[in-house]
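Whenever a hint applies, use it, and build me the whole structure from the sequences.
With the sequence shown counted from 1, adding 440 to any position gets you this note's numbering.
Please note that a few of the clues may not be correct.
To be verified - Listed below are the simulated DSBU-like cross-link pairs for lysine-lysine, each with C-alpha atoms no more than 35 Å apart in a straight line:
hint, residue 1, residue 2
1, Lys601, Lys513
2, Lys601, Lys581
3, Lys513, Lys581
Stated by the list, open to error - Label pairs and their in silico Cβ distance ranges:
hint, residue 1, residue 2, range
4, Ala525, Val824, 41 to 47 Å
5, Gly618, Glu650, 33 to 39 Å
6, Glu537, Glu650, 24 to 30 Å
7, Tyr711, Glu780, 22 to 28 Å
By construction, these hints were calculated from the structure, which means they are not laboratory data. Note that CB positions come from ideal geometry on N, CA and C, so glycine has one too.
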Amino acid sequence: MIRVGAVVQRYGEGVVGGAETLARDVCERLNASGCDVTVFTTTALDYVSWANEFVPGESILRGVRILRFPVVKQRDIDAFNRFSAEFFEAVPQDRDERQWILEQGPQSPDLLRALETDYRDYDVFLFFTYLYLPTVLGMDKVDRPIALFPTAHDEPPLYLKIMRRVFERPERLFFLTGAEQELVQRVFGRSQGMELVRTGVNLPADIDPEMFRRNQFIFGAYMLYAGRIERGKGLEEVFDAYSSLRRHHLVDLVLLGRRLMEIPEVEGIRYAGFVSEPEKLSAFRGAVFSLQPSPLESLSITTLESFAQGTPVLANRRSPVLAEHVNLSGGGLLYADPGELESEASRLFSSPGLRRRMGEKGRAYVYRHFDWERVIQSIRAAIVQLAEN
441 MIRVGAVVQR YGEGVVGGAE TLARDVCERL NASGCDVTVF TTTALDYVSW ANEFVPGESI
501 LRGVRILRFP VVKQRDIDAF NRFSAEFFEA VPQDRDERQW ILEQGPQSPD LLRALETDYR
561 DYDVFLFFTY LYLPTVLGMD KVDRPIALFP TAHDEPPLYL KIMRRVFERP ERLFFLTGAE
621 QELVQRVFGR SQGMELVRTG VNLPADIDPE MFRRNQFIFG AYMLYAGRIE RGKGLEEVFD
681 AYSSLRRHHL VDLVLLGRRL MEIPEVEGIR YAGFVSEPEK LSAFRGAVFS LQPSPLESLS
741 ITTLESFAQG TPVLANRRSP VLAEHVNLSG GGLLYADPGE LESEASRLFS SPGLRRRMGE
801 KGRAYVYRHF DWERVIQSIR AAIVQLAEN
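As structure tokens, then:
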């Protein structure tokens with residue numbers, strides 16, 4: 441049995457985030473496929489403060505062994521954002537890149553020590569996301585083959601000199617989209633050990649399309665955004681366009697997820713917070729379309745969830761990943777500014793036949809490319825090869 445050590449900054453029930461969800465999905469399925477998976481992670485629940493919420497030590501979740509280590513320094517996100525802005529405004533030779541990694545966190549010396557002392561118990565290590573300290577400083581603690589899911593998008597930290605080691609050290613890089621793979625190849629010039637494995641999407645067939653409406657007392661048409669509600673996600677453009685759109689179409693804007701920014705008090709904008717997984721999928725099923733406004737994505741699982749429910753997307757053209765999903769699938773439309781957002785939204789509202797055709801194409805795209813069984817077979821085959829070599 442191949443012993444896999446997985447490293448990710450947060451892990452477990454209640455943990456929200458694309459890379460963290462990917463880590464849990466992959467680890468649970470690899471474990472079920474016959475690998476012996478142990479997760480090295482922190483006791484943090486959220487990435488904003490890295491506050492210690494989970495109990496340190498060993499636990500089991502859905503058959504996967506988890507080793508949790510405390511974070512020694514909580515993060516003041518406003519102070520970090522100010523520090524980070526000043527850091528990236530400085531000329532590269534004046535930057536202390538290691539200090540940026542420490543401030544980014546999460547700082548868990550016990551986690552790094554455990555990797556350094558216990559790596560011999562494992563055949564292969566699997567790291568998730570390039571951006572955080574456990575990956576950047578943890579890779580050199582293990583003298584074993586490494587595979588990395590970078591979950592990279594085009595952002596300033598990707599170009600730090602310290603990141604070159606992060607992308608050169610792993611024997612294998614696993615990518616979620618072709619756009620992500622092309623980005624990494626362009627930035628780092630690497631061509632060997634690169635594999636487009638994608639990810640899987642849960643495809644329950646028994647979703648009640650009315651559950652979300654009943655629970656939230658929604659009686660009319662709505663468009664849906666699901667994800668973190670924060671600056672940098674493109675929501676400012678959505679809010680700007682919605683006020684004008686509302687004058688021509690009687691449609692609500694429903695927001696799901698954690699609120700980290702002010703939401704305008706505008707008639708029709710409804711914040712529903714967190715809902716259960718079945719209710720979230722019901723929300724996608726019942727929406728006229730879903731909004732994907734972030735310019736920075738490495739996958740956008742919510743785009744795939746929308747497609748899986750037969751609901752078209754209206755996505756930000758400035759994200760290569762979103763453009764790839766829409767162009768390959770035919771399952772939505774793209775926009776570049778608030779004016780085009782409004783016009784393309786109007787086009788979707790006015791064309792039920794177009795929405796239906798796009799919904800069918802989006803669903804077919806997910807079933808064709810994002811089947812978990814195929815994805816895990818590819819990942820497991822690569823891990824077996826690394827372990828044998």
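Margin query: If you test the structure against every hint from before, which numbers come out violated?
Written below: The structure breaks only hint 6.
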